[in-house]
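Participant: All chains, please: the whole structure from these sequences, using the hints.
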Amino acid sequence: MADARFFQVAGPFTLGQLAGLCGAEMSAGADSTQMFADVAALETAGPQHISFLDNRKYLSAFAATKAGAVIVHPDVADRGPAGVALLLSKDPYRAYAMVAQAFYPQPAVTEWRAPNACIDPSAVIGANCWIGPGVVIGARAEIGDNCRIEANAVIGDGVVLGAGGKIGANASVYCAVIGKNVSIYPGARIGQDGFGFAMGAQGHLKVPQLGRVVIGNNVEIGANTTIDRGSGPDTVIGDGCWIDNLVQIGHNVQLGRGCVVVAQVGISGSTQFGDFVAAGGQAGFAGHLKIGMGAKVMAQSGVISDIPPGQTYGGYPAIPRMEWLRQSATLSKLARDKKQR
Amino acid sequence: MADARFFQVAGPFTLGQLAGLCGAEMSAGADSTQMFADVAALETAGPQHISFLDNRKYLSAFAATKAGAVIVHPDVADRGPAGVALLLSKDPYRAYAMVAQAFYPQPAVTEWRAPNACIDPSAVIGANCWIGPGVVIGARAEIGDNCRIEANAVIGDGVVLGAGGKIGANASVYCAVIGKNVSIYPGARIGQDGFGFAMGAQGHLKVPQLGRVVIGNNVEIGANTTIDRGSGPDTVIGDGCWIDNLVQIGHNVQLGRGCVVVAQVGISGSTQFGDFVAAGGQAGFAGHLKIGMGAKVMAQSGVISDIPPGQTYGGYPAIPRMEWLRQSATLSKLARDKKQR
Amino acid sequence: MADARFFQVAGPFTLGQLAGLCGAEMSAGADSTQMFADVAALETAGPQHISFLDNRKYLSAFAATKAGAVIVHPDVADRGPAGVALLLSKDPYRAYAMVAQAFYPQPAVTEWRAPNACIDPSAVIGANCWIGPGVVIGARAEIGDNCRIEANAVIGDGVVLGAGGKIGANASVYCAVIGKNVSIYPGARIGQDGFGFAMGAQGHLKVPQLGRVVIGNNVEIGANTTIDRGSGPDTVIGDGCWIDNLVQIGHNVQLGRGCVVVAQVGISGSTQFGDFVAAGGQAGFAGHLKIGMGAKVMAQSGVISDIPPGQTYGGYPAIPRMEWLRQSATLSKLARDKKQR
Numbered sequence: 253m254a255d256a257r258f259f260q261v262a263g264p265f266t267l268g269q270l271a272g273l274c275g276a277e278m279s280a281g282a283d284s285t286q287m288f289a290d291v292a293a294l295e296t297a298g299p300q301h302i303s304f305l306d307n308r309k310y311l312s313a314f315a316a317t318k319a320g321a322v323i324v325h326p327d328v329a330d331r332g333p334a335g336v337a338l339l340l341s342k343d344p345y346r347a348y349a350m351v352a353q354a355f356y357p358q359p360a361v362t363e364w365r366a367p368n369a370c371i372d373p374s375a376v377i378g379a380n381c382w383i384g385p386g387v388v389i390g391a392r393a394e395i396g397d398n399c400r401i402e403a404n405a406v407i408g409d410g411v412v413l414g415a416g417g418k419i420g421a422n423a424s425v426y427c428a429v430i431g432k433n434v435s436i437y438p439g440a441r442i443g444q445d446g447f448g449f450a451m452g453a454q455g456h457l458k459v460p461q462l463g464r465v466v467i468g469n470n471v472e473i474g475a476n477t478t479i480d481r482g483s484g485p486d487t488v489i490g491d492g493c494w495i496d497n498l499v500q501i502g503h504n505v506q507l508g509r510g511c512v513v514v515a516q517v518g519i520s521g522s523t524q525f526g527d528f529v530a531a532g533g534q535a536g537f538a539g540h541l542k543i544g545m546g547a548k549v550m551a552q553s554g555v556i557s558d559i560p561p562g563q564t565y566g567g568y569p570a571i572p573r574m575e576w577l578r579q580s581a582t583l584s585k586l587a588r589d590k591k592q593r
Numbered sequence: 253m254a255d256a257r258f259f260q261v262a263g264p265f266t267l268g269q270l271a272g273l274c275g276a277e278m279s280a281g282a283d284s285t286q287m288f289a290d291v292a293a294l295e296t297a298g299p300q301h302i303s304f305l306d307n308r309k310y311l312s313a314f315a316a317t318k319a320g321a322v323i324v325h326p327d328v329a330d331r332g333p334a335g336v337a338l339l340l341s342k343d344p345y346r347a348y349a350m351v352a353q354a355f356y357p358q359p360a361v362t363e364w365r366a367p368n369a370c371i372d373p374s375a376v377i378g379a380n381c382w383i384g385p386g387v388v389i390g391a392r393a394e395i396g397d398n399c400r401i402e403a404n405a406v407i408g409d410g411v412v413l414g415a416g417g418k419i420g421a422n423a424s425v426y427c428a429v430i431g432k433n434v435s436i437y438p439g440a441r442i443g444q445d446g447f448g449f450a451m452g453a454q455g456h457l458k459v460p461q462l463g464r465v466v467i468g469n470n471v472e473i474g475a476n477t478t479i480d481r482g483s484g485p486d487t488v489i490g491d492g493c494w495i496d497n498l499v500q501i502g503h504n505v506q507l508g509r510g511c512v513v514v515a516q517v518g519i520s521g522s523t524q525f526g527d528f529v530a531a532g533g534q535a536g537f538a539g540h541l542k543i544g545m546g547a548k549v550m551a552q553s554g555v556i557s558d559i560p561p562g563q564t565y566g567g568y569p570a571i572p573r574m575e576w577l578r579q580s581a582t583l584s585k586l587a588r589d590k591k592q593r
Numbered sequence: 253m254a255d256a257r258f259f260q261v262a263g264p265f266t267l268g269q270l271a272g273l274c275g276a277e278m279s280a281g282a283d284s285t286q287m288f289a290d291v292a293a294l295e296t297a298g299p300q301h302i303s304f305l306d307n308r309k310y311l312s313a314f315a316a317t318k319a320g321a322v323i324v325h326p327d328v329a330d331r332g333p334a335g336v337a338l339l340l341s342k343d344p345y346r347a348y349a350m351v352a353q354a355f356y357p358q359p360a361v362t363e364w365r366a367p368n369a370c371i372d373p374s375a376v377i378g379a380n381c382w383i384g385p386g387v388v389i390g391a392r393a394e395i396g397d398n399c400r401i402e403a404n405a406v407i408g409d410g411v412v413l414g415a416g417g418k419i420g421a422n423a424s425v426y427c428a429v430i431g432k433n434v435s436i437y438p439g440a441r442i443g444q445d446g447f448g449f450a451m452g453a454q455g456h457l458k459v460p461q462l463g464r465v466v467i468g469n470n471v472e473i474g475a476n477t478t479i480d481r482g483s484g485p486d487t488v489i490g491d492g493c494w495i496d497n498l499v500q501i502g503h504n505v506q507l508g509r510g511c512v513v514v515a516q517v518g519i520s521g522s523t524q525f526g527d528f529v530a531a532g533g534q535a536g537f538a539g540h541l542k543i544g545m546g547a548k549v550m551a552q553s554g555v556i557s558d559i560p561p562g563q564t565y566g567g568y569p570a571i572p573r574m575e576w577l578r579q580s581a582t583l584s585k586l587a588r589d590k591k592q593r
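Residue numbers (the working numbering), protein chains in the order written: chain A, 253 to 593; chain B, 253 to 593; chain C, 253 to 593.
Source of the hints: derived by calculation from the structure; they are not laboratory data. Incorrect hints may appear among the rest.
Same chains, same label: a pair holds when it works inside one copy or across any pair of copies.
Stated by the list, open to error - Here are the computed lysine-lysine pairs in the DSS-like style, where the Cα-Cα straight-line distance is at most 27 Å:
| id | residue 1 | residue 2 |
| --- | --- | --- |
| 1 | K342 | K548 |
| 2 | K342 | K318 |
| 3 | K309 | K432 |
| 4 | K309 | K548 |
| 5 | K342 | K590 |
| 6 | K590 | K309 |
| 7 | K542 | K318 |
Facilitator: Next up, the structure:
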């Protein structure tokens with residue numbers, strides 16, 4: 253189903269192969285030798301396609317699908333059309349991810365250096381890297397094996413990029429030490445000066461920003477996102493973080509492992525996230541806060557105080573989610589009462 | 253009035269010519285042969301300039317203007333200085349747009365390819381295109397006639413750009429099929445991976461993003477805005493949409509025709525806008541919503557449920573505007589009462 | 253302490269030298285000949301380092317520091333460890349800025365033009381400029397002395413950049429007249445078309461954007477920030493403004509001197525800030541407003557009316573801070589009362 257101008261499909265695979273690679277159980281009566289040519293959405297899939305149901309909002313699309321097979325949670329297995337083969341998984345979205353990766357594996361990096369790339373002679377480039385047109389790599393930079401640096405990206409002096417790294421088109425990276433398998437999307441800005449100055453009526457005075465950006469392994473950093481380097485301490489992004497587009501991360505911020513930061517979130521200087529914190533879109537965090545492990549912050553919330561581990565907060569100033577919902581309901585009722593009087 | 257370093261003025265035009273090209277009516281006594289050399293703002297215009305009044309906030313500037321002529325709505329025609337010529341229009345801003353386009357037509361595109369542009373030999377470039385320094389165009393891309401690709405822009409493999417397209421400096425476009433007369437501003441990011449992954453304690457697993465970005469005709473996409481490609485379905489931007497700077501549009505989002513999306517709005521994955529939806533600055537939309545045709549969402553609102561056609565919503569969670577204003581008024585009164593006690 | 257891959261330290265300096273250059277007073281018993289090799293944070297400093305305390309949140313770090321000297325406000329001088337040398341200053345952050353600038357002075361610009369930079373023959377480049385790989389400079393542009401233009405930046409026709417300017421990697425600047433010592437960070441977008449069009453059911457009609465961006469001296473503009481040029485009037489950024497990352501500044505906006513605009517703020521068209529206005533992160537401003545000198549707007553606020561000089565506003569719609577806090581407290585109490593019933 254994917255446009256062949258942009259994507260190359262692997263396969264085909266049998267239902268048995270797909271069940272095996274994603275750890276799902278075939279429904280009773282499913283034919284493990286049935287062939288599948290591709291993945292597709294429930295609405296557009298045909299008999300040669302495997303699809304998935306994750307968000308229950310799409311149960312009716314499941315009921316009407318013409319897909320040859322569907323990956324679903326066992327709880328809703330009986331909601332599909334008669335005769336459809338099912339792959340039963342407690343985490344159907346993850347199982348779909350594995351199946352889709354089988355059909356659309358990451359293309360292997362092929363060694364190439366664009367003739368017009370400007371690579372400082374003192375930079376060390378690993379084996380099998382693809383370096384696109386217009387790329388600039390500064391003095392003493394260290395690029396690991398199998399990296400892909402897209403067109404017109406700029407990598408500053410001394411930057412370390414681990415093996416398997418991907419730097420998107422027109423991105424820039426300065427003063428950074430980056431782990432393995434990190435993907436930085438087009439236009440992201442890593443390692444520029446933080447917003448540090450001493451205010452004064454005769455003019456604000458710049459404070460030299462002397463820290464780095466230290467990024468762990470398996471991190472994704474979205475398009476046009478900005479991560480300032482530390483002011484003295486480092487700005488730190490833990491292993492496995494997923495950061496969406498247009499996010500602002502201020503100097504000295506520390507994110508633990510596996511944090512999820514949705515688009516347009518802003519995190520002010522020196523705030524620390526524990527592991528697996530999730531921040532909804534457009535949420536804002538004041539500086540110097542501690543957000544506990546596993547905490548969740550709802551979209552557009554404004555966080556101005558610490559959040560304990562595991563809590564879900566919302567509103568501005570952000571408070572525990574249940575309190576915030578109660579406040580919203582209270583206000584709604586008061587306004588309604590007033591209208592009726 | 254415009255700085256000649258940056259803009260070239262055409263003309264002069266007579267008042268009659270200007271009235272004709274914008275469909276306005278000359279006020280009684282106006283001299284259709286009066287010559288005009290340029291447009292200018294009410295405050296700075298002289299007798300050789302034509303100006304306009306749209307926002308009534310500037311009625312006093314109208315009353316004091318020294319402009320030779322002013323485009324105004326008939327309802328406020330009597331609020332100008334004695335003797336000023338008027339062009340009467342029910343839509344003075346649109347009439348001004350036509351007049352200003354006459355004085356400042358889009359410069360014609362002249363055919364040129366920068367010697368250092370990297371254009372894949374398999375790309376097809378239309379007639380009369382301007383391709384700036386450092387531009388990169390990938391394999392099998394198709395660029396229509398009369399396109400202008402600014403310096404250091406990057407266009408990926410297989411991208412289709414319709415005739416009359418403009419790609420701004422340092423913008424990047426991947427996996428996209430784009431209609432005619434589309435203008436993508438500097439630094440915009442089109443077609444990168446959407447934010448799709450299956451969360452898990454052992455690490456979040458990437459879901460291949462297999463859709464495209466499909467953009468209609470006559471669309472404008474602002475500076476540093478990000479539009480992710482679909483995850484399987486496409487991300488779709490309808491004809492005539494105007495999208496401002498720093499907007500985030502997630503995977504699978506669909507905008508109908510003529511939508512207006514103001515700066516820093518965020519639209520989460522799979523949300524659908526009908527035709528002519530307007531979203532105020534910094535508004536946020538959760539995923540998988542349907543926003544009806546002609547709906548308006550006020551600035552900074554947080555939309556977490558569907559909106560019927562034609563409605564105006566505000567607040568977070570966004571509710572009908574009148575309810576939201578009533579809630580604000582109720583809270584304000586309660587706080588005042590409390591203070592007085 | 254700073255990573256030598258990215259930063260070069262000057263010095264060492266004696267305590268007396270440091271006190272002199274930042275105008276601080278040495279504490280009783282401090283040895284003015286004590287040598288310092290570097291600055292460091294309170295937590296990581298050793299005897300050869302000078303540190304500082306500004307935010308009282310870090311008083312306990314001060315109490316436990318092993319730094320050889322600390323710059324502090326006289327009021328908290330007695331909270332440090334016994335025997336530590338102190339530099340007493342009423343503005344310890346500013347004093348630290350001066351000390352840190354002594355250890356890490358801005359590297360001097362060295363004259364260089366990358367062989368692949370595309371500089372129009374009619375452009376005028378001042379003395380001692382560094383022009384990086386892939387840079388594009390348009391016709392009749394004027395670049396002052398000692399400017400540094402980073403890789404792949406694009407400067408349009410006719411742009412004026414004052415002496416000591418810095419343009420970050422992949423930034424773009426059009427239709428702008430820029431003063432001295434202005435620093436534009438990577439990916440910032442200056443001078444593209446503003447969001448100007450006349451809405452209409454048959455299609456929105458572009459209004460030519462005929463103004464410029466005029467930027468004063470000593471201004472900093474953050475990464476991926478967007479500043480549209482004026483529609484007729486200019487967009488104006490006053491001397492000494494500090495603008496953070498991902499900020500949106502619409503056409504015709506005017507900022508006075510010394511304004512501070514934190515990340516992700518959005519300022520709609522034609523709004524005017526007086527001198528020294530401060531806007532907190534993610535705050536939004538409607539168009540055509542006047543924000544008085546010295547006004548402060550709290551983070552995430554939505555400003556839809558003028559603000560008098562010197563006032564602090566918060567909330568949406570933004571109101572005086574005390575009223576806003578009272579409303580929050582009132583709502584919180586009502587919701588609590590309701591729960592207890």
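Participant: A separate judgement is required for each hint: does it hold in the structure or not?
Facilitator: Okay, the hints, checked on the actual structure:
no.: 1; hint: K342 x K548; verdict: within (22 Å within a copy, 40 Å between copies)
no.: 2; hint: K342 x K318; verdict: within (23 Å within a copy, 53 Å between copies)
no.: 3; hint: K309 x K432; verdict: neither (37 Å within a copy, 35 Å between copies)
no.: 4; hint: K309 x K548; verdict: both (22 Å within a copy, 24 Å between copies)
no.: 5; hint: K342 x K590; verdict: neither (48 Å within a copy, 40 Å between copies)
no.: 6; hint: K590 x K309; verdict: neither (35 Å within a copy, 33 Å between copies)
no.: 7; hint: K542 x K318; verdict: between (49 Å within a copy, 24 Å between copies)
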